[in-house]
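Protein chains: 2
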Amino acid sequence: MTSARTRGPVRIVGAGLLGASIGLALRDKSVEVILADASKATVRLAADYGAGRPAAEGDAPVLIVVAVPPEAVAEVVARELAAYPDALVTDVASVKSGILTELEHDRADLSRYVGSHPMAGRERGGAVSARADLFLGRPWVVAPHDGVVEARLHVIEDLALDVGARPVRMSAEQHDHGVALVSHVPQIVSSLLAARLVEAPEAEVGLAGQGLRDTTRIAGSNPELWVQILGANASAVAEILSAYRDDLDHVIHALRHPDRIGAPRTIAEALVAGNEGVTRIPGKHGQDRRYATLLVTIPDEPGELGRLLTEIGEEGVNMEDLRLEHSPGAQVGFAEIAVLPEAAHRLAAALEARGWSLSEPRAGS
Amino acid sequence: MTSARTRGPVRIVGAGLLGASIGLALRDKSVEVILADASKATVRLAADYGAGRPAAEGDAPVLIVVAVPPEAVAEVVARELAAYPDALVTDVASVKSGILTELEHDRADLSRYVGSHPMAGRERGGAVSARADLFLGRPWVVAPHDGVVEARLHVIEDLALDVGARPVRMSAEQHDHGVALVSHVPQIVSSLLAARLVEAPEAEVGLAGQGLRDTTRIAGSNPELWVQILGANASAVAEILSAYRDDLDHVIHALRHPDRIGAPRTIAEALVAGNEGVTRIPGKHGQDRRYATLLVTIPDEPGELGRLLTEIGEEGVNMEDLRLEHSPGAQVGFAEIAVLPEAAHRLAAALEARGWSLSEPRAGS
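Line by line, the protein sequences are chains A and B.
Per my numbering, the first sequence starts with residue 1, numbered consecutively.
Per my numbering, the second sequence starts with residue 1001, numbered consecutively.
Same shape as in the complex, but just chain A (with noise of 0.2 Å):
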């Protein structure tokens, strides 16, 4: 544990799951958290789970985290400054012109609010799914604005670092462009490629594989979380999907007259386009850079997975995460196993000579 760069009191107003896992962060570099939510049991629960103690009288926190959903982050702010004059506010709303806009027109003191953004979610929410690494490595954008000091954003940028994630400096219009292109236009053309699978029939769905599970992966996201992300930042992501949409006109046009002079080369300029700009995104494609994965053959009998879990137990390494493929039908599936990579290779010999079948993580179609 090393020490903490920020100062407690923190008092974080939401204790969803950006709340309480900023919460489980901070606890553990011992700083001291406060807990508010208009939820009672929100706030136990956090607690019970070492987010932080319940708010109480006479409270002083020197920093307030307001970690509310989209529509109420304005007002909240507002009550927060006005409640705590000492305190510096921030916030951790998805998109962040609207806000700064509202609170300038609420006459709020702008010179004790820092908008930010940390990029980490998970597609369940609450403090239930909260987990103190949950923005380790992640960008945490820190949104200056012209009412406000430089050492003020040090504040800011020190809970990023706090929580494990890597401060970024950015506009709030160029963060609200920016999460337009990587998050919220990506979540609409999820959503509407799930959608088409609602009146297909069952023998098409049937044939579904990888490929169509991570396309719509995000399409399980809450709808009404999103309706308010979407609201809050309509111009950035309907100018995006425009021009997304003027493309995907010219692959369907070449699709419907595939022998006119140029079709193939339409379609084939969209897939390369694509694959360059795959090659921007950074990280590692697919996978979590902290774990190694091993993906182990389980047949399909009571019991089984259960043995597989016991073993991984009595060789004493500890599971990271675990997805099971299940095909219907099938006499066999799949536990695809997240380990530290120093715990990997031991722990497929280990598994391999207790009988158990590994291959090397798949991808496909």
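Hints should not be assumed to be uniformly reliable.
[What the hints assert, rightly or not] Computed beta-carbon distance windows for the label pairs:
(1) A/Arg256 <-> B/Glu1352: 52 to 62 Å
(2) A/Leu358 <-> B/Asp1259: 36 to 46 Å
(3) A/Glu102 <-> B/Arg1245: 27 to 37 Å
(4) A/Thr279 <-> B/Ala1243: 43 to 53 Å
(5) B/Ala1038 <-> A/Gly262: 50 to 60 Å
(6) A/His250 <-> B/His1250: 40 to 50 Å
(7) B/Glu1315 <-> A/Pro299: 17 to 27 Å
(8) B/His1257 <-> A/Glu342: 46 to 56 Å
(9) B/His1154 <-> A/Arg256: 37 to 47 Å
(10) A/Pro299 <-> B/Asp1259: 31 to 41 Å
(11) A/Ser235 <-> B/Arg1245: 40 to 50 Å
[Unchecked claim] In silico DMTMM-like pairs for lysine to aspartate or glutamate, Cα to Cα no more than 25 Å straight-line:
(12) A/Lys29 <-> A/Glu320
(13) B/Lys1029 <-> A/Asp28
(14) B/Lys1029 <-> A/Glu352
(15) A/Lys40 <-> A/Asp28
(16) B/Lys1040 <-> B/Asp1028
(17) B/Lys1040 <-> B/Glu1057
It should be emphasised that the hints constitute simulated quantities derived from the structure, not laboratory data.
No residue lacks a Cβ here, since even glycine has one placed at the ideal position from N, Cα and C.
Given the coordinates of chain A, work out where chain B should sit on it, guided by the hints.
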């Protein structure tokens, strides 16, 4: 090793990823495999890997598997039918109707041809990527047509079973519509999304996370292969893409006019339809409506998860899916267990009696 259903020799034409993988899987069951390829080096490589022996004068295959690039399939199938008048010929191309039409046009002996398609692949092609377990648990479509007798379909189904796949019967038309839906349309949707990144500022692309990586993973696929696949299935792909484009237009319109009545609802409906579509994908984790879900708290100690699953096995309940919620900073994790609804209540009671702590399943977000 179980004995093979397939009677050899099996001649495989095209010793790339699919051909060599079929060869490896059949050799595992001691079926005689003969390898042919336009490239002698490829044949030698596949033979070195153990996928079979090089073709020779006087070979008398009873079954021929054509696994050449899509554009060459019909021609090679016709040639093999003519060269080996006693053999049954199948192919493994990913689009089926066009090949049948071409063969009819060429007056090939369709009584000895059965089209098929194993739904398996890897991002990397070639014999070097081949593996005997490539087809394990995957659907293998067998497409009957009017001119072929039942017994010959069984031969191809036996081949699928021998390599560990799950044979699925489907007409060429339904197959082609199905793969357009679950594979070809996702490919274009993903490529066009990744293409938006080509011109984007570095700082914005730097915000990318797992959501973008997943949605664009298949955009890294081989353009040469995909131009052929999409060209062969152009009309089915164009039809589904047009419906997708119409949905997209509605969302863009709603984003451009966010204050009009119905705009938020249009966006919400797209997101909800995406949620619904995702639940239809087989093997998709955590959100399958057919199953009831139990959420069990597990102490974060090696072996505890194994003990839980062993005890579920002891209760005689078959677990349909399992998802782990594991927070490295927290003292506990959760196992989300999907079981048939009729078993859920009994299992919950049994686990509580054994001292496990169960929570209300959370609403998916």
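Go through the numbered hints given earlier and state which of them the structure violates, listing their numbers in rising order. 2, 4, 5, 6, 10, 11 and 13
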